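Undergrad: Each chain is listed here by its residues.
4 protein chains.
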Amino acid sequence: MKVSILGAGGLTGKEILRILSRHPHFECVHITSDKYVNKSLIEIFPDLPQKYKNLIFQKHSSPIPTDSLVVLAVPDEVSLMMTPLLLEKGHSIIDISGVYRIHSKENFEKFYKLKHESFSLMDKVVYGLPELNRKNIKNAQFVSNPGCYATSVILPIFFLGELREKISGDIVISSASGVSGAGGRKEEVAYSFLSVYENFKPYRIFNHQHIPEMQEYSAFKMKTNLPEIIFTPHLLPIHSGILTDIVIRFSKELDVSMIESQFNLFRKEPFIRFLPSPEDINLQNIQKTNFLDISFKVDGNKLIIVSALDNLIKGAAGQAIQNMNLMMGIEETVGLL
Amino acid sequence: MKVSILGAGGLTGKEILRILSRHPHFECVHITSDKYVNKSLIEIFPDLPQKYKNLIFQKHSSPIPTDSLVVLAVPDEVSLMMTPLLLEKGHSIIDISGVYRIHSKENFEKFYKLKHESFSLMDKVVYGLPELNRKNIKNAQFVSNPGCYATSVILPIFFLGELREKISGDIVISSASGVSGAGGRKEEVAYSFLSVYENFKPYRIFNHQHIPEMQEYSAFKMKTNLPEIIFTPHLLPIHSGILTDIVIRFSKELDVSMIESQFNLFRKEPFIRFLPSPEDINLQNIQKTNFLDISFKVDGNKLIIVSALDNLIKGAAGQAIQNMNLMMGIEETVGLL
Amino acid sequence: MKVSILGAGGLTGKEILRILSRHPHFECVHITSDKYVNKSLIEIFPDLPQKYKNLIFQKHSSPIPTDSLVVLAVPDEVSLMMTPLLLEKGHSIIDISGVYRIHSKENFEKFYKLKHESFSLMDKVVYGLPELNRKNIKNAQFVSNPGCYATSVILPIFFLGELREKISGDIVISSASGVSGAGGRKEEVAYSFLSVYENFKPYRIFNHQHIPEMQEYSAFKMKTNLPEIIFTPHLLPIHSGILTDIVIRFSKELDVSMIESQFNLFRKEPFIRFLPSPEDINLQNIQKTNFLDISFKVDGNKLIIVSALDNLIKGAAGQAIQNMNLMMGIEETVGLL
Amino acid sequence: MKVSILGAGGLTGKEILRILSRHPHFECVHITSDKYVNKSLIEIFPDLPQKYKNLIFQKHSSPIPTDSLVVLAVPDEVSLMMTPLLLEKGHSIIDISGVYRIHSKENFEKFYKLKHESFSLMDKVVYGLPELNRKNIKNAQFVSNPGCYATSVILPIFFLGELREKISGDIVISSASGVSGAGGRKEEVAYSFLSVYENFKPYRIFNHQHIPEMQEYSAFKMKTNLPEIIFTPHLLPIHSGILTDIVIRFSKELDVSMIESQFNLFRKEPFIRFLPSPEDINLQNIQKTNFLDISFKVDGNKLIIVSALDNLIKGAAGQAIQNMNLMMGIEETVGLL
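Protein chains in written order, with my numbering: chain A, 11 to 347; chain B, 11 to 347; chain C, 11 to 347; chain D, 11 to 347.
Since the hints were made in silico from the structure, they are not lab data.
Nothing here was measured: the structure is a model prediction, and the numbers come from that model.
Honestly, I wouldn't trust all of these hints.
A pair counts as met if it fits within one copy or between any two copies, since identical chains are not told apart.
Stated by the list, open to error - Derived EDC-like pairs (lysine to aspartate or glutamate); straight-line CA-CA distance at most 20 angstroms:
hint, residue 1, residue 2
1, K12, E98
2, K298, D57
3, K12, E238
4, K176, E238
5, K134, E172
Looking at chain A on its own, in the form it has when it is part of the complex (with noise of 0.2 angstroms):
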């Protein structure tokens, strides 16, 4: 199966193609980045393995092998343009952008602070977290990427399961990430080395892109409402690597064992690991693997639980690659295990 892979100058391409290059099933055969056109793909990233290092690096507007998968790590305005051309060309899409999360137009102009010239695709599109929407992706033609923090709160509470039904008040959520889920490698003064080093910092309060998203999805499958999900990301002075806590209170005393029942049924998810105390969550078991971690304490009728992703693979290109796998009828955890 062919791929080609706009943005692949990107941290997350980067990823991409990394694990691509011990795919057994796909062929990388298209990268783009309008920043490295003509330069090949050994000479941006010389420590990815060296199975694709002879790929140049193409402009984004260059055509595309008609046959293949298509996986686009661009920024958002990219997205927004080229995706509706590639979809009526008949390619298969995973978009790791932001721009097809989310079903309220109204919140996607809000929080991402664009318009949305192609918000009919939202009809067509599929979210793409296998552990909560495993059969549509099978079928899907376009998947939609989720985001990295989005990722790490979803999936908790999606697997809280019935037990949502139950919860008092909000829920009070604060992450924080390593640098390359925040901003990578841009030339700017908040990115130096002397601005992030020694330092850990909020940031978009009340206001972070993923938000709605969150909202949306945690709320899967619920025959009630989700309380308001209050989300505070940090930028954390290390390379890669989320940590989310999710402080939740519900009306009535909790056993352990009643959250320990809704989690079990998740248990044989290939990339969810439940870990017995929350203090054992580190964000080294997690860094390049494609699992998410999670844990729980309960007190009385107060339950936190705590997940930990690699920023770039559960949280971008690994997700990526299990809908990949997914979408083409391959073993989900080919590549990533």
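For chain A, the structure is supplied; the task is to place chains B, C and D on it using the hints.
TA: Same frame as chain A, now just chains B, C and D:
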């Protein structure tokens, strides 16, 4: 005024010595450390200012200059044992350990996992948070210095004044601290470079020993009860600094001016800085200073307050000097600006 | 081909397991660690690929599958004791410890501060640096894997070929290594976060144990003596990676093409990359890879060579696999590109 | 004594202001920064002591208080242009830029890649390294502050005194500096967090602009020529601190006491500390101080000297204040211990 520092070989003791080296009214005359007995200060801390370089570490049990103010920067167990004896001898005392902070013996023994053999001293001690308790500190013989996390939580909530009565639901707090506030020099794998670097972890979930202290003093001067504080601390891969997010839901819509008019009552506090946006909060602005920086953002009836301090300064050594200045009738800011 | 890994609980053992998980021709069947006896691999290293997750750590002294190739990733003392027994039983062996590298017993005992009780094995052992010694490795039963710093030094000098005869004066080398190459998981204050972070230190000046190894093999195939190597290692506040500067003065003016024509003889080496400028050398390009990156700059008759490798991969685990491939008649790069 | 600081918005300017805030004899009256014009000091550097918080940044070209000592912490180009005018007006000057340090116009133009339009000022300027040149500084109107790397190199070699005559072969030096000494706040990808973190790189090999300065002043008061200095700087993933190794071969065997008796001549220098072993050198002991720590080790006729200083203090701002104290007849250590 003579000062003795018990436990001067730790990171807090070191910072007290750094500040005292430049303080015009205090003279450090006695330092103890059971680990460094008979070594000179300069051998152990070559980067300190040179004023006290020839002071020699004594045993904790060696005689203490009779007319000296005593700072205890020792482990909880040592303070439990020594404080009653020192008070009996008439010393003025600042205790930086946690043992004389909370007025519930039950909570103390639950959160500190220690028997409290001198609980009657709780009648005599003054809680050393100047912005909350200045008058009592001025007349005190015995002051208990607040916890580092506790300071970052209590003051922002206390500053809300009567608005505290309108809080609906839990007060959900996420804090993160540099390593010097969470285990410092300990020879444990958990604090090894390879464990902490490129990592971020929660710890003591639902049972951090500062929780009852936060619960008690955040409600200072309130007429009704304060809702429950749910507090989660994290270990940051940095040297020092604490960042705290406080998420509050009110029973009715807020406007910014309601918060501002409460905070304005504390605008003249010499060590509190109110910043325009919580995204301006920056650990680099408070490191090595005695400032607590605070800001907030409102969205409907949700409020987030973000605060930041240096765990070794406003969270320990600096606050101790601020208290000593008050106790001795010196201008509160001397040595600290 | 079956493989047993003694000392699989250390950082090098872990990397060997990571590579073997994806290697088509080796099957790891036995892992030992006196520290983790009876624990499963996945408990200790949850971030490893899942292939070997259910392997259980055995004692070093437990029986080793008879027909397995044995990798020793154990301390020097353990290798000294076990290697003779394993050879007697007919195992093929890769020893990653330092005890069978240097042919001077006097130097061994001086630099390693150990008695060498099985020095006669030095007649049988093959030094496992493929770029220097490939033919001998192919036929070897017993291979000693080079030191990490030593690899970064020996190859660049060896690649100079006959130019080595023209060196005038000392070869002065400064190297710096990440913590995983210099004490890793040790529970010592010297490797605590607060000691290593925001710091940089030289260590083992004039007496690092890799010095005699560098001196011996850098002179491989030389007709005259190599001048003295003066080597200074440093501890970097990073996880992994070694950067090495080699400063050489020649007895006559160099031109760039003289160096290039020597280096060109090794341009087809699969794991050596020659970069245009030493200022292009970047640890991020070699981390997690088996590459040794090399470049140089000439000024009059002065030469500086800069090299970089990952201390855990080309400096340990990756080089061991490269040797295993050669010993077993497999394509040298399998599992490593 | 009034002081004006041109270029006060940079990291060096900030440290000068930090020291002056606690200095009893200098009064900062004027600060400039073309970037921060009309902003107050406290807005730009909230972590500084509060003494000068209301000073407002002016343009470099705004009028300078006539009777003030002027510190130039500006780029080389700005100093080239402004210094002649300021001298003409009679100001005493400390220039922290590099333009008035070396007496070879050819070397200046080669290493600095700038035309030197006011080279005649080299007859008037005094090189501001107090341990080498104290007497001249005391009477100077115009002092050029040394480079940070240069200070860490020149003093240890100068302290060797007549032993310098016995050096055989090159003086090979490897230095590493924190980011604040190598590009600070620059908005360049090379100084982004993701570029610097988990990395270590050499730069300006054979052509760092401090090389001619080292070569000139290391030979201060020598009768013969000093051998060539081969200097390689590196970028460390830390905030501040320089570590320097100096490797020297002598023409005859050394004994330790020969070095010690030379170094003893400088044992009373207030800002030089001689440590027992080079492995005791620790950046954490010199950070935020004006000390230069030095130690050495001898092996046969080889000598290694290791030195360490804070690039912003003894390498820039602290040394500038030390010079100002000398120029104004104040005790040299005031404000710096």
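Undergrad: What hints, given by number in increasing order, does this structure fail?
TA: 3, 5
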